[in-house]
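Chains as they are written, first to last, in our numbering: chain A, 1 to 239; chain B, 1 to 225.
Derived by calculation from the structure, the hints in this document are not laboratory data. A virtual CB, placed ideally from N, CA and C, is assigned to each residue, including glycine. Heads up, a few of these hints could be off.
[Said to hold, decoys possible] Partial chain A-side listing against chain B, Cβ under 7 angstroms, derived:
(1) Val136
(2) Ser143
(3) Ala146
(4) Val163
(5) Ala168
(6) Ser178
[Unchecked claim] The following label-pair restraints were derived from C-beta to C-beta distances:
(7) B:Ser89 with A:Ala85: 20 to 30 angstroms
(8) A:Leu107 with B:Ala27: 32 to 42 angstroms
(9) B:Ser89 with A:Leu208: 50 to 60 angstroms
(10) A:Thr215 with B:Val38: 42 to 52 angstroms
(11) A:Ser14 with B:Leu34: 48 to 58 angstroms
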Amino acid sequence: MSKATEPTGSPRASVLDRASPRGLAILGASTAVLLAATIAGALFLAPGDAIQGPAQRIFYIHVPSAWIGGLAFLVVFVASIAVLATRSRRWDRLAASSAEVGVVFTLAVMLTGPLWARPVWGAFWQWDPRLTSYFVLLLLYLSYLALRGYVNEPMRRARYSAVLGIVAFLNIPLVYFSVQWWDSLHPGPVVANPEGPQLPGSMLAVLLLGLLAFTLLYLLLLWLRIDLTARREDVEVTA
Amino acid sequence: MTVAVEAWRVARKDLRLELRTRDMLTAIGLFALLIVVVASFSLPTTGAERDPVAAGVLWIALLFAILLGIGRSLALEHEASCIDALLTSPISREGIYLGKVLSNLLVVAAIQVVLLPLAVVLLQLEPGRGVGLLAVVTALATIALVSVATLLSSMAVNTRTREAILPVLVVPVALPVLIAAVQGTEVALGGGTPAEAGSWLALLAAAAVLSLSLGIATFRHVIEE
Chain A
1 MSKATEPTGS PRASVLDRAS PRGLAILGAS TAVLLAATIA GALFLAPGDA
51 IQGPAQRIFY IHVPSAWIGG LAFLVVFVAS IAVLATRSRR WDRLAASSAE
101 VGVVFTLAVM LTGPLWARPV WGAFWQWDPR LTSYFVLLLL YLSYLALRGY
151 VNEPMRRARY SAVLGIVAFL NIPLVYFSVQ WWDSLHPGPV VANPEGPQLP
201 GSMLAVLLLG LLAFTLLYLL LLWLRIDLTA RREDVEVTA
Chain B
1 MTVAVEAWRV ARKDLRLELR TRDMLTAIGL FALLIVVVAS FSLPTTGAER
51 DPVAAGVLWI ALLFAILLGI GRSLALEHEA SCIDALLTSP ISREGIYLGK
101 VLSNLLVVAA IQVVLLPLAV VLLQLEPGRG VGLLAVVTAL ATIALVSVAT
151 LLSSMAVNTR TREAILPVLV VPVALPVLIA AVQGTEVALG GGTPAEAGSW
201 LALLAAAAVL SLSLGIATFR HVIEE
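Make a model of the complete structure from these sequences and hints.
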């Protein structure tokens with residue numbers, strides 16, 4: 001009963017098919033420049049933190065990674081709805097690629113967090129609500145990718161992982177509330193604070209630069225991953 | 001036929017099969033009981049840690065029982081290609097899903113009715129007036145767990161690993177339910193009333209509604225073939 005899958009390499013090429021080399025080059029170069037500027041800004045421009053010392057500078061990597069971890073999961077959710085609505089493998093490429101890139105950034109959050117927490121809190125890990133939420137996010141990503149690994153038929157893999165992508169994403173508010181009702185150690189929001197940003201202008205500038213650089217890095221990796229998947233499908237069709 | 005009638009017919013078929021074989025009731029009920037027995041040998045049965053530890057043990061036992069039982073329930077349909085007959089019958093996809101959820105719920109509830117009193121005795125618990133809260137927490141958490149596990153197990157049976165992947169799919173999604181169930185059960189074991197576990201009950205109720213609605217909305221995308 002399943003609808004026929006679209007032939008890959010169909011004439012209506014979109015951004016979810018093979019990437020244009022020129023586009024990749026432009027995006028890659030902008031990402032490299034902004035990342036270099038973020039690292040230079042984090043190390044030299046932003047002032048050191050009076051209490052936390054140099055460990056605080058990991059903030060400029062940690063917060064943008066956390067933002068991408070959430071954004072990538074939102075993209076998985078939206079692409080999953082599109083898979084079920086259209087039955088197009090293009091959307092499945094987007095969902096799968098976003099999950100793979102998202103898991104890398106979520107791992108970066110889980111690695112940079114403890115590096116900061118050890119000198120500042122005195123412990124690598126605490127069962128704090130935000131840490132727990134991110135840990136659960138990582139588990140959801142891993143479970144999503146595990147499911148994809150165990151289903152061979154492409155359209156079935158697309159449908160199944162879309163259902164899991166939707167169920168997992170809509171559970172995130174419940175994850176948030178369930179862990180929120182334990183006391184929080186994690187620093188509160190310093191930027192999206194009702195009284196305005198609570199950090200010096202130069203720190204905020206470097207953070208915003210980092211958020212932009214990481215968003216470009218996410219788009220670059222996502223595009224490369226989609227391109228790779230599209231090429232792989234082309235080989236499968238011609239083989 | 002309304003969806004409710006369809007669901008009842010599917011559930012009645014499953015329950016009749018279960019009553020003839022008693023596969024789930026015996027194997028899985030005994031397995032859950034064994035976890036509680038092993039825990040009572042190795043965990044404190046007095047002092048301040050008793051209630052939180054017992055709440056954790058109870059939910060580990062119930063979670064394992066639910067995962068094992070539901071993996072079995074969908075695998076049965078695939079053994080003699082019964083699923084094809086079910087799909088060609090004039091029953092809506094929603095009816096099939098709700099019927100499966102209903103039969104799984106009734107089997108798990110039958111196990112819980114025996115297991116929970118036994119656990120209270122074996123782990124030397126004194127819930128007192130917390131019995132009402134324990135029943136509400138268990139009912140809501142079980143509805144949430146069974147409805148999400150039924151949906152995901154209908155995918156798991158079609159993977160290369162069969163049911164083996166089911167826990168990997170269910171547990172991360174079900175973590176908020178498990179956290180709330182353990183916390184609510186701990187309040188109940190201390191003799192608490194539903195008012196004292198209000199936010200946990202609200203979370204469990206939200207999870208039950210969400211899981212069931214997502215199952216109804218997405219089940220037809222899983223079994224179309």
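Results for each hint:
Hint status for Val136 of chain A relative to chain B: holds, with the closest Cβ pair at about 5 angstroms, below 7 angstroms. Hint on Ser143 of chain A holds. Least Cβ distance to chain B is approximately 5 angstroms, under the 7 angstroms limit. Taking 7 angstroms as the C-beta contact cut-off toward chain B, the hint placing Ala146 of chain A at the interface holds, the least distance being around 5 angstroms. A distance limit of 7 angstroms between C-beta atoms decides the matter here; for Val163 of chain A the minimum to chain B is near 5 angstroms, and the interface restraint holds.
With a cut of 7 angstroms, the hint placing Ala168 of chain A at the interface with chain B holds, because the nearest CB-to-CB distance is about 6 angstroms. A hinted interface residue such as Ser178 of chain A counts as satisfied when its beta carbon comes closer than 7 angstroms to some beta carbon of chain B; here the least separation is about 4 angstroms, so the hint holds. For the hinted restraint 20 to 30 angstroms between Ser89 of chain B and Ala85 of chain A, the CB-CB distance of approximately 27 angstroms keeps it satisfied. Between Leu107 of chain A and Ala27 of chain B the C-beta distance comes to about 39 angstroms, which sits within the given range of 32 to 42 angstroms.
Between Ser89 of chain B and Leu208 of chain A the Cβ separation comes to about 59 angstroms, which falls inside the hinted range of 50 to 60 angstroms. Separated by about 50 angstroms at the C-beta atoms, Thr215 of chain A and Val38 of chain B satisfy the suggested range of 42 to 52 angstroms. Our hint of 48 to 58 angstroms for Ser14 of chain A and Leu34 of chain B holds, since their Cβ atoms are close to 55 angstroms apart.
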